[in-house]
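**Q** Given chain B, work out where chain V should sit, using these hints.
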Amino acid sequence: MSVDAGTRVEEPQTSSVAVPGTQIRLAQRVWARRLSAVGLPLAVALGLAILWQAIVSLELVNPIIFPSPLGVAEEIIFVGGNLVTAGYILPEFWVTVQEVLIGFVLAASVGFSLGTLVGVTNIGRRGVMPILVSLNTMPKVAFAPVFIAWFGFGATPKVLMAMIIAIFPVIVNTASGLMAPTAVELKLFRQLRASRLQLLWKLQLPSALPSIFAGLRTAAVFSVIGAVIGEFIGGGSGMGELIRVGSDMLRMDRVFGLIMWLSLIGLGLYGIVGLIERRIVFWKHVPTQFDAIA
Amino acid sequence: MEHHHRSSMVTPYPDGAVREREAPGGDISIEELSHVFESRDLRVIDNLSLQITPGSFVSFIGPSGCGKSTLLDIVGGLLRPTGGVVKRNGAPVEGPSEDVGMMFQTPALLPWRTAVDNVLLPLEIRGGKALAGEYRPHAMELLKLTDLDDFATVYPHELSGGMAQRVAICRMLITSPQILLLDEPFGALDELTRDRMDLELQRICANQEATAVLITHAIAEAVLLSDQVYVLGPRPTRVMECIQIPFGRPRTLETSTSAEFGDIVRHIRRLLDEGEALAAKS
Numbered sequence: 000m001s002v003d004a005g006t007r008v009e010e011p012q013t014s015s016v017a018v019p020g021t022q023i024r025l026a027q028r029v030w031a032r033r034l035s036a037v038g039l040p041l042a043v044a045l046g047l048a049i050l051w052q053a054i055v056s057l058e059l060v061n062p063i064i065f066p067s068p069l070g071v072a073e074e075i076i077f078v079g080g081n082l083v084t085a086g087y088i089l090p091e092f093w094v095t096v097q098e099v100l101i102g103f104v105l106a107a108s109v110g111f112s113l114g115t116l117v118g119v120t121n122i123g124r125r126g127v128m129p130i131l132v133s134l135n136t137m138p139k140v141a142f143a144p145v146f147i148a149w150f151g152f153g154a155t156p157k158v159l160m161a162m163i164i165a166i167f168p169v170i171v172n173t174a175s176g177l178m179a180p181t182a183v184e185l186k187l188f189r190q191l192r193a194s195r196l197q198l199l200w201k202l203q204l205p206s207a208l209p210s211i212f213a214g215l216r217t218a219a220v221f222s223v224i225g226a227v228i229g230e231f232i233g234g235g236s237g238m239g240e241l242i243r244v245g246s247d248m249l250r251m252d253r254v255f256g257l258i259m260w261l262s263l264i265g266l267g268l269y270g271i272v273g274l275i276e277r278r279i280v281f282w283k284h285v286p287t288q289f290d291a292i293a
Numbered sequence: 000m001e002h003h004h005r006s007s008m009v010t011p012y013p014d015g016a017v018r019e020r021e022a023p024g025g026d027i028s029i030e031e032l033s034h035v036f037e038s039r040d041l042r043v044i045d046n047l048s049l050q051i052t053p054g055s056f057v058s059f060i061g062p063s064g065c066g067k068s069t070l071l072d073i074v075g076g077l078l079r080p081t082g083g084v085v086k087r088n089g090a091p092v093e094g095p096s097e098d099v100g101m102m103f104q105t106p107a108l109l110p111w112r113t114a115v116d117n118v119l120l121p122l123e124i125r126g127g128k129a130l131a132g133e134y135r136p137h138a139m140e141l142l143k144l145t146d147l148d149d150f151a152t153v154y155p156h157e158l159s160g161g162m163a164q165r166v167a168i169c170r171m172l173i174t175s176p177q178i179l180l181l182d183e184p185f186g187a188l189d190e191l192t193r194d195r196m197d198l199e200l201q202r203i204c205a206n207q208e209a210t211a212v213l214i215t216h217a218i219a220e221a222v223l224l225s226d227q228v229y230v231l232g233p234r235p236t237r238v239m240e241c242i243q244i245p246f247g248r249p250r251t252l253e254t255s256t257s258a259e260f261g262d263i264v265r266h267i268r269r270l271l272d273e274g275e276a277l278a279a280k281s
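Going down the list, the protein sequences come from chains B and V.
Numbering that gives the first Met the number 0 applies: residue 0 is where the first sequence begins, and numbers increase by one.
Numbering that gives the first Met the number 0 applies: residue 0 is where the second sequence begins, and numbers increase by one.
Here chain B stands alone, though its shape is the one from the complex (with noise of 0.2 angstroms):
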């Protein structure tokens, strides 16, 4: 059986001829690979942490605006144990997560719904698209202060901003994805006759799956931006205020703090998106974080 060009080979192959030296000498050998590319930038890491720390403690900066490492490291450990022991920052964090979830929920059906519409349909693809486009262009953050003044100072603007944030990715990877089956695949299915329909669910959707998802990952990472830009100017409660008001106190090493349990909850929605994504989408090799380091 002949692998394919494109497959990953993720181990080296071991040789028909059991040699118990060579094999262990390989097997030390794609743990020292693996050891270098988990290593390698840890210490680089390192290295950076110590410079920082050199510059905080020799007073080349601030010390009341710029937060040592240590003292950040700190911080992350109080609200850390603060977030398990149910303390007063869970609740915020709760809430965050919550705008989060249902803003990526509805740009994601939203978005798919006109994606599709975009992708399917003549007057979807030159009608709707140009204008989806232009709103595109538009800073949307700008809209936080609107979705205050219109909904409030609860949930809702904050959700709201998510949503539109997180939209776009999705609206544009669905659209594209559906208009991604080739000339040789749509020569396929007229020769067989198949219906608009069927070309719709058996082809296009199908072929559209890996860009859908790609936008749903970049949309999970979005909706937290959304989220936490409405928290910014709505105030009210969340990760976003604690930041805020942490900013305005000049407690630096706990805004640093707070902001590095806030990016969990982005690179969670990202894993679970992905997690979706590689039992879904199984033929094709969805990128992880860690992708970098492979």
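These aren't lab readings, by the way, just hints derived from the structure by calculation.
All values derive from a computational prediction rather than experimental measurement.
Among these hints, one or two may not hold up.
With a straight-line Cα cutoff of 16 angstroms, these simulated EDC-like cross-link-like pairs (lysine to aspartate or glutamate) come out [unchecked claim]:
#: 1; chain 1: B; residue 1: K186; chain 2: V; residue 2: E157
#: 2; chain 1: B; residue 1: K283; chain 2: V; residue 2: E157
#: 3; chain 1: V; residue 1: K143; chain 2: V; residue 2: D98
#: 4; chain 1: V; residue 1: K128; chain 2: V; residue 2: D116
#: 5; chain 1: V; residue 1: K143; chain 2: V; residue 2: D116
#: 6; chain 1: V; residue 1: K280; chain 2: V; residue 2: D262
#: 7; chain 1: V; residue 1: K86; chain 2: V; residue 2: E31
#: 8; chain 1: B; residue 1: K186; chain 2: V; residue 2: E31
#: 9; chain 1: V; residue 1: K86; chain 2: V; residue 2: D26
#: 10; chain 1: V; residue 1: K86; chain 2: V; residue 2: E30
#: 11; chain 1: B; residue 1: K201; chain 2: B; residue 2: E184
#: 12; chain 1: B; residue 1: K201; chain 2: V; residue 2: D116
**A** Relative to the frame of chain B, chain V by itself:
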């Protein structure tokens, strides 16, 4: 016209009934065919006429862009010609049909379907998963014919180029078409695989008793596989010459090393060069 000894083809039907072909399938009649691409004001085919006898294997060979693929698309019913008519079994071609199987330069397998599900695709489109299920044994037979029965549940990204094209061959044959249209199916493969696939194609066509029309750039491939080779001129294309290939069947790679084979290849190459020279002058 040579008569070839072929095993009679037996088609298993889902209800167990068996159909034997009384006569080999599909005669193709191309009558004063011309085609112009209106949008580009490009005349690609100019008054082309020829007859293809049922059961024969015919190749079209010609320079790039001469209109061979357009010709095949018209015969397959994918394109309506702007002039002339193409008839299948006496009736003018209206559109694509299940009696015609096509193969393209790339296998165009759907990556989210297994090999056997790809083979069953035409039936699924015709009659849904139920119909496809009935023909599953037939699909497995075809995969066995092309030595792929161990790979039935394998996905396209796990197959090599040659294997993928073999799956495409099975997909083409699942509806037992009388006419096979092959548009440079092996162009993307390396030479060794290509030679193997040519012999495989010969074996399959002998088994199926269908009329086959092959478009290729490889002169040797055309001469090895065909009963007649039609050498086409540059665009707008017409038949420069029809060459009758005298060798008996089955042909092997040995056949392609004979002196007579070489003469025919040289002759075709000269024709093609002449055609290009004429086109360059006009």
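**Q** Which numbered hints does this structure break?
**A** 1, 3, 6 and 8
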